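Engineer: Here is what each chain is made of, one letter per residue.
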Amino acid sequence: MSECVIPTLTSLEVVASKSVLPGGWKADLSNLKVLDLTLPVTELLRRTTSRLPQDVIDAIVKGRDAEEEGSRAFNTLNDMVRNINLSDGQVTPLCQDTGSIIFWVRHPFGLSQLAARKQIRAAVVQATKNVWLRPNCVESLSGKNSGNNMDPFHEHHPAIHFEEWDKPEIEISVMQKGGGCENVGAQYRLPDATIGAGRDIKGVRKCIIDAVVKAQGQGCSPGILGVAIGGDRVTGYEKSKELILRKLGTANADPKMDAFEKELTNDLNTLGIGPMGYGGNTTVLGVMVEEMYRHPASFYVSISYMCWSSRRGTLTIGTNGEPSFD
Amino acid sequence: MIRLTTPITEDQIRQLKVGDEVLLNGRVVLSRDIGHKFMKEQKPEWLKPILENMVIYHCGPVVRKNEDGTWSFVAAGPTTSIREEPYQADVIETYKVRGVIGKGGMGKKTSEGLQKSGAVYLHATGGAGSLLAERVKRVVDVKMLEEFGSPEAFWIIEVEDFPLVVTMDSHGGSLHEIVLAQSQERAKALTS
Chain C
4 MSECVIPTLT
14 SLEVVASKSV
24 LPGGWKADLS
34 NLKVLDLTLP
44 VTELLRRTTS
54 RLPQDVIDAI
64 VKGRDAEEEG
74 SRAFNTLNDM
84 VRNINLSDGQ
94 VTPLCQDTGS
104 IIFWVRHPFG
114 LSQLAARKQI
124 RAAVVQATKN
134 VWLRPNCVES
144 LSGKNSGNNM
154 DPFHEHHPAI
164 HFEEWDKPEI
174 EISVMQKGGG
184 CENVGAQYRL
194 PDATIGAGRD
204 IKGVRKCIID
214 AVVKAQGQGC
224 SPGILGVAIG
234 GDRVTGYEKS
244 KELILRKLGT
254 ANADPKMDAF
264 EKELTNDLNT
274 LGIGPMGYGG
284 NTTVLGVMVE
294 EMYRHPASFY
304 VSISYMCWSS
314 RRGTLTIGTN
324 GEPSFD
Chain U
88 MIRLTTPITE
98 DQIRQLKVGD
108 EVLLNGRVVL
118 SRDIGHKFMK
128 EQKPEWLKPI
138 LENMVIYHCG
148 PVVRKNEDGT
158 WSFVAAGPTT
168 SIREEPYQAD
178 VIETYKVRGV
188 IGKGGMGKKT
198 SEGLQKSGAV
208 YLHATGGAGS
218 LLAERVKRVV
228 DVKMLEEFGS
238 PEAFWIIEVE
248 DFPLVVTMDS
258 HGGSLHEIVL
268 AQSQERAKAL
278 TS
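Chains C and U are the protein sequences, given in the same order.
Using the numbering used here, read the first sequence as starting at 4 and increasing by one per residue.
Using the numbering used here, read the second sequence as starting at 88 and increasing by one per residue.
Calculated directly from the structure, the hints in this document are not laboratory data.
Be aware that one or more of the hints could be misleading.
Mimicking SDA-like on lysine to any residue, the simulated pairs with C-alpha atoms at most 20 Å apart in a straight line are [claimed, not checked]:
id, chain 1, residue 1, chain 2, residue 2
1, C, Lys-250, C, Leu-15
2, C, Lys-132, U, Asp-155
3, C, Lys-147, U, Asp-120
4, U, Lys-275, C, Lys-132
5, U, Lys-275, C, Ile-9
6, U, Lys-127, U, Glu-234
7, C, Lys-217, U, Arg-273
8, U, Lys-124, C, Ser-145
9, C, Lys-132, U, Arg-273
10, U, Lys-275, C, Thr-197
If you're wondering where the values come from, they're calculated on a predicted model, not measured in any experiment.
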């Protein structure tokens with residue numbers, strides 16, 4: 004089984020034909036009070052859970068092609084491409100761990116966050132009913148599953164980050180972040196004597212290498228890293244996750260960080276961990292780093308690890324009210 | 088490629104070595120975090136005939152209930168196994184389990200358990216939810232569904248040519264240990 008599997012995603016027309024949105028659905032952005040986001044967000048989840056972004060697929064294929072044909076690493080990446088094809092064709096979840104569901108909502112003045120929260124929660128319940136999402140929200144101590152992905156306290160799941168902006172359109176991004184990769188995320192406080200990391204870019208690099216070595220294959224490598232330098236314990240982690248929304252292959256706006264990311268990606272891929280920790284040249288698909296401000300006494304490096312099945316998507320409701328998905 | 092069908096004998100297991108590729112057939116029992124804690128602490132008798140010479144799969148599937156009341160697996164890749172490290176060796180010994188399927192590998196305690204009891208750790212490709220669900224031919228039964236919830240229940244399934252790699256064998260071999268040691272060496276060189 005060492006032939007190169009070619010990604011064969013269904014066309015965007017076919018994807019659109021399976022949409023839960025009625026044909027010609029449009030939002031009236033001049034009357035935000037009556038806007039109902041339930042259906043477009045349900046459609047966003049349908050796409051995200053079953054179809055990987057093209058840049059992620061391209062990176063997996065590129066990694067596969069850099070492995071020795073017939074090697075375990077090559078075969079594993081090949082199986083990942085097979086899985087991508089299957090899920091897209093069937094509209095079934097790429098992975099049984101459909102993750103924690105995290106939203107970022109950017110909206111103009113006038114949108115009710117209370118109403119939007121209700122609608123987004125309704126969309127998640129519907130997507131769970133449709134078997135696009137696994138019920139992944141359990142009470143911590145008893146382990147009791149709420150069954151519909153809802154945290155009854157309306158606080159933590161699904162996580163929804165709202166931000167008002169000065170543009171007229173609405174943008175909703177979602178990430179489905181699996182538990183395996185979430186568990187291998189790490190936060191370092193510099194200086195860190197245990198790994199010999201000081202308060203400089205070399206120290207940051209040590210943290211990142213350390214986290215990837217500790218993760219081995221457990222986060223479903225090849226992974227994608229979001230790294231926030233600075234911030235506090237909360238904002239650093241929050242930023243590190245948001246960074247994973249960036250498309251692979253796009254440049255960091257800061258040329259210094261861009262060079263750092265590229266060098267790190269190359270270095271990490273010499274660690275030999277490989278796909279699923281089986282050994283190989285493809286340990287990460289990309290690294291996204293951003294520098295934040297911090298308290299003079301605190302120097303955190305927060306690292307979020309995303310699995311190869313990087314399920315993310317963005318719904319934009321444009322000024323003409325038409326929804327588009329990316 | 089080695090074809091194995093459950094139930095598996097200790098003799099068959101002892102022949103497997105790290106790196107062997109296996110296509111598994113027959114019954115497999117799903118269990119993960121709550122199940123392992125339950126098995127170690129409560130040691131339910133009713134599970135013994137279900138698990139003897141069988142294979143446990145660390146997996147919390149996405150399932151669909153069909154109109155006729157039967158179940159179908161929609162996505163069923165492995166979950167990270169290391170969380171079961173405190174329980175696995177005991178579970179293998181108590182229930183005479185011959186194999187454990189998961190991802191990411193397990194630690195020293197489990198490796199010792201594999202050697203002592205005659206069992207192997209089989210690695211499946213993480214994230215390949217649809218691909219692996221395709222190899223699930225039938226859901227035979229489910230236990231503790233109400234109590235544990237669907238991702239944690241003991242699903243009893245039949246698989247056909249389920250693709251796996253032996254990454255920890257019953258002789259103390261572990262691919263995970265080798266890759267870890269090599270990557271730690273390389274990390275040292277990168278940061279010196």
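Engineer: Identify every previously stated hint that the structure contradicts and give their numbers, smallest first.
Structural biologist: Hints 4, 5 and 9 not satisfied by this model.
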